[in-house]
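> Sequence:
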Amino acid sequence: MHPFRLAALTVLLALGGAVPAHAQQAPRAVIAFLPSGGENNPDPVLDRLEAREQLALGMASMAQGQYSREQAVLDISAGSRTSAAAYDPERPPDVELVLGGDGTGFIFRWSKALERAKTALADIQPGLLAGKIADGGGYAGVESRGHLEAVVAADRAGDVREVSLGAASDLASRARDLLARHRLVVVGLPTADKGDAALDALLRHRRTEDLLIVLQTPPDSQVPQLLPIGVAGLGGARALTSATTRLDGIVAGIDIAATVLRRLDIDVPSDLKGQRIRETGTRDAGALRAVESRLGVVRGRRIPTLQALLFSWVALTLVLGLAADRRGVRAALRIGGLAVLWVLPVLLVAGVLAPSRTVEVGLVTLGSLLLGVLTDRFVRWPRGPVVPAAVTMISYAVDLALGSPLILRSLLGPNPRSGSRFYGLGNELEATLPVLLLVGLAALLWGRGRSRGGAALFAGTGLVLGVFVGSGRLGADVGGVITVGGGVAAATVLMLPGGVTRRIVAIAVAVPAVAVVALAGLDLLTGGDGHFTRTVLQAEDGAALWDVVKRRYTLAFNVLVNGAMPFITAVALLASAYAWRYRERIYAPLRGSPPWHAALLGSLAASVTGALFNDSGPILLVFGVFVLACVTAYVRGDPALAGESPSDVESP
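Using this note's numbering, the letters of the sequence shown map in sequence onto residues 353 to 1004.
No wet-lab data here; the hints were simulated from the structure.
There may be inaccurate statements among the hints.
What the hints assert, rightly or not - Pairwise CB distance ranges (calculated): (1) S496 to A981: 53 to 61 Å; (2) A981 to L718: 55 to 63 Å; (3) G518 to V750: 54 to 62 Å.
Said to hold, decoys possible - Derived pair list, reagent style DMTMM-like, types lysine to aspartate or glutamate, alpha-carbon separation capped at 25 Å: (4) K470 to E442; (5) K470 to E495; (6) K546 to D572; (7) K464 to D572; (8) K546 to D395; (9) K464 to E448; (10) K546 to E448.
Idealized CB from N, CA, C, for every residue including glycine.
Start from the sequences, fold in the hints, and give me the full structure.
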């Protein structure tokens, strides 16, 4: 052969051989599920992931509201989720893998899962992850155990393109064989040492461009879960985070789908609400254990702490009543009312310390009461609320600006375990902060009448609170903007001189809507990218937006009819009606004080507005009315009602 032809043929062969070699270098993804424990390996999954230095570490929130292992894997496959209470029925079907005759598989009861997803008033599409990949997903597992995790490899029809079941000893090699034909492979690892060995093999043979995600197999439990997760292939081995959570070390289960699709260079559809997992900070398994441990106890300590504070208040009232008759009772009313107003900053301190249950209950109870005693001793009635209100507003604003690390660890902070909110403010704080602000301003303006300056102070501070509550980069609570807007607007109107006119009332009613529009502009300008931005501002059409509205009111109704909430809500409504009916007598100590009247009515308006426009509905009403009742107790603690000297009361 001519030398030139030989050289040309050599080049063509080299180029021809390079094409398949290049094609094989396309990125691939493995999602491996590692069971916890085992007879020969009692170590928690996080410890086992920590021992593999190639993995970036984190914890994954696996539910929104009520948890089930079936819902966890369905959510991963959909890359999106909503509250379990939004589904009908609430509990998902018992899905499971069934083998086909040609090496394929399908998910039994998949049609029921799809029908149930349609009832959620949200765009939830089980199987969206594998359905976006041209060659579908493969699944490799061990014959002796269940295969619920195969749901993650199913496409929109519930089909798993290829299934490989066999012994644990060759699981990793079978997974590699599947990767030659499928860019996504889900692996169900065995328990104990065999699982660790298979994981080590997957890590050892992972190509640089491939992604390996290892997640603890969702346990069969009813308790909301934060499951250990490790990722190799993000460029390092640090802590994990995502735009969903904005927390170092914590991601959401629905973020897995977005992460896989981005690695495979596949467009992420708008129906998929999870966000890409990325690395941040430093790799610190100890910090993850501490956060997970803290989040695991906060919910169970809320009611006991509140009960201890209220019982201690009653006991203090009895003791002071026996010791000093009416003067003692009035003093106890003032101290207890102030103690409740001090609870929020004390909760931040307790969150930092993360003490045992007994110590935390005692710290919050005794600390709040002590601060109530000191405030009442050094700040004359009725200016006492100024101090706890100012401390609360400043401390919470600073913490929100820093990413809410202390609020997250406090008893009334958002809990990533439940998956509804990962940072910012939760419903309890949304209901409480506007009341504290308005009452604090009323105490500050004690002795002044209606004025444009006073109205401007209410409006201005309310605007600042609204920004901190609603901004996607701070409180990220759009419902809170409506709550704050409704309460502050009512208080501002009542502070204006010249009386209330129809025009002013119309403006006040429009304020919450204007506040939401302003929030939208703020989020778009600052790149807040919070829940409001992704669900409302980025809604593709009116139908999607209407589904958001319907879902919120469905959830609110479910809260209303759940457990003792109907009775508690009725009590709150009756208490509000009673206070309104006998307001002249109950609030007689505040007669002639427009700022206080404006604050009390504004606080009630905030509570009602929050209940009407929030997916937790009655919770905001109950919390708002409770704080107002404690403020009323402080008002009824007027020393003049006990026959004390006028010098003990600051004159208006």
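> So, for every hint listed, does it hold in this structure?
Going through the hints against the structure:
no.: 1; hint: S496 to A981: 53 to 61 Å; verdict: 59 Å, holds
no.: 2; hint: A981 to L718: 55 to 63 Å; verdict: 22 Å, violated
no.: 3; hint: G518 to V750: 54 to 62 Å; verdict: 57 Å, holds
no.: 4; hint: K470 to E442; verdict: 12 Å, holds
no.: 5; hint: K470 to E495; verdict: 33 Å, violated
no.: 6; hint: K546 to D572; verdict: 21 Å, holds
no.: 7; hint: K464 to D572; verdict: 20 Å, holds
no.: 8; hint: K546 to D395; verdict: 14 Å, holds
no.: 9; hint: K464 to E448; verdict: 12 Å, holds
no.: 10; hint: K546 to E448; verdict: 23 Å, holds
This entry does not satisfy hints 2, 5, going by the numbered hints stated previously.
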